[in-house]
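Undergrad: The primary structure of each chain is shown beneath.
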Amino acid sequence: MIADGSSLAGSESSPRTPIVSLQRVTKTFSNATVALKDMTLDIGQGEFVSLLGPSGCGKSTALRIIAGLSGASGGRLVWPNERPGSRDHEISFVFQEPTLMPWATVFANVHLPLKLKGESAGQARGRVMEALEMVGLEGFADSYPRELSGGMKMRVSIARALVTKPKLLLMDEPFAALDEITRFRLNNDLLRLWEEFGWTVIFVTHSVFESVYLSNRIVVMAARPGRVVADLAVNAPYPRDETFRTSHAYSDHCRQASDALQAAMGGDDGQH
Amino acid sequence: MTANTDMSQRLDQADDTPPIDPAEARKARRARIDRVARWLLPVLVMLGTVGLWQWYVDAYNVPHYILPGPDRVVDALVKDWSTLWPALLITLQITLGALIIATVGGVGLAVLFAQSKWVEMSFFPYAVILQVTPVIVIAPLIFIYVPSKIVGLLICAWIVAFFPILSNTTLGLNSADHNLRNLFQLYGASRWQTLRYLRLPAALPYFLGGLKIAGGLSLIGAIVAEFVAGTGGLGSGLAFKILEASYRLNIPRMFAAILLISATGIIIFASLSILSHLMLRHWHESAIKRDT
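Chains A and S supply the protein sequences, listed in that same order. Note that the first sequence covers residues 1 to 272 in the numbering used here. Note that the second sequence covers residues 1001 to 1292 in the numbering used here.
By construction, these hints were calculated from the structure, which means they are not laboratory data. Cβ coordinates follow ideal geometry from the N, Cα and C atoms, glycine included. Treat the hints loosely; a few may be bogus.
[Said to hold, decoys possible] Covered stretches of chain S, going by a simulated chain A footprint (3 or more residues, C-beta under 8 angstroms):
1) 1171 to 1182
2) 1189 to 1197
3) 1272 to 1286
[Stated by the list, open to error] Straight-line Cα separation of at most 30 angstroms, DSSO-like style, residue types lysine-lysine; simulated pairs:
4) LYS117/A with LYS165/A
5) LYS37/A with LYS115/A
6) LYS1079/S with LYS1027/S
7) LYS115/A with LYS165/A
8) LYS1117/S with LYS117/A
9) LYS1079/S with LYS115/A
Can you make the complete structure from the sequences, with help from the hints?
TA: Have a look at this one:
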């Protein structure tokens, strides 16, 4: 099931220098669980990569290591385009929950990353409103998170991630808790923004269908120990929409990814 | 891409609504009755109690130096106002002073504890010891060591009041959402920024809960300390008036002073509840009214 691992996917991305590369990254927790073992992965500029796998395969751990929220026990994380030792990687992170500050308005929540860099609300107003417009929430700047639906909260969370104009967007199962209708719409919005702004996305999911719909490359991972077992290209052209969701190409890719996932789980239909 | 369907719930309420069903109408009526009953019932119970009290005193000719009727208590309140009012002001000063010091001290210590686990481990047990030792047994010592009576009273009231603020604020500072902490870390927030923009706001509801308890406790602390400090010198508060009245068997004045202390406690609690509501009404579950 190991598909053409080396020939990197990406409909348009030529083999440029990767934005980030994991080299034999290993993570062992203090309780001796091996969350990741020798994970090697190059993320190309402008790619939309999904990390797909069952629970416990280390996909979230990998994301947290790339984000710098967690250290690696072994191996290296390399940012080829940056000065060595630079801490500022221009990344943003979207969590599974919206993770908004309930005491702050939508505007203040989106303003947060800029505020922490010392930009006042006045200076940042234009960029915050721009980010809110991207997700269609410009009319809700003064609302509080509790007044919004789950989907809208997630949009605020995405706006907050985009307000710093990141080069790399890390998303940890961001839509897993949403209903399917909202999830489909946010999928489309995310793709539209990605095509427009051309950042690189690493998207952690346990949904085969979501990963095929969104990404141009799917990295399938297996658990115990967490490792990469397949690297699939999804070379359907963008923009993708509902016709892609019902196409033969889509279902072929889904079957391919699904098979890889089954193989990754050792054929057992156990827990997802 | 619009937020239309997300908004549909809001619009439903704004648009012309179809007539509500009988069950909903019943619910609305019950809610209206509840609102009135919430203040009417306690008032009725109080009037009934006072009436019964008056009737009992009159019917059985209870001597007023044993149990005065409500009329005599009100009488004493009016007649002795010139001695009770200054005493009330003294007690209020001690209470509010102690509450302010307890707030500053409690929050300050909590922030200090939040900065360093070592400091918390070292000193939190002593805060607990201070809290569990009854103030009435420490107070005599304090009045021996502290020359000023007012300062002694403040220290006693502070000891009683600061712990709920310290313990609640410490809990609140440590209960900021861990994903939000990660987010602050990711954006390179400084320790101060994390405290100012994340941990303090997260601790606010806990702090306000502690403040409500501390408000009542600082009054109790002030009164207890006054009892211990006893007579003598300037600055005699309501507790001293009660002691004095009891020596003279002036029971109506005792009741009047107790009435003032209770009223003070109620006003402190109500003010802090309103403060809490105003600060939390936009976002915290405890301050939000829901339809269902």
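Undergrad: Give a verdict on every hint.
TA: Cross-check of the supplied hints:
no. : hint                     : result
1   : 1171 to 1182             : holds (count 4)
2   : 1189 to 1197             : holds (count 3)
3   : 1272 to 1286             : holds (count 3)
4   : LYS117/A with LYS165/A   : holds, 13 angstroms
5   : LYS37/A with LYS115/A    : violated, 38 angstroms
6   : LYS1079/S with LYS1027/S : violated, 49 angstroms
7   : LYS115/A with LYS165/A   : holds, 14 angstroms
8   : LYS1117/S with LYS117/A  : holds, 27 angstroms
9   : LYS1079/S with LYS115/A  : violated, 61 angstroms
This entry does not satisfy hints 5, 6 and 9, going by the numbered hints stated previously.
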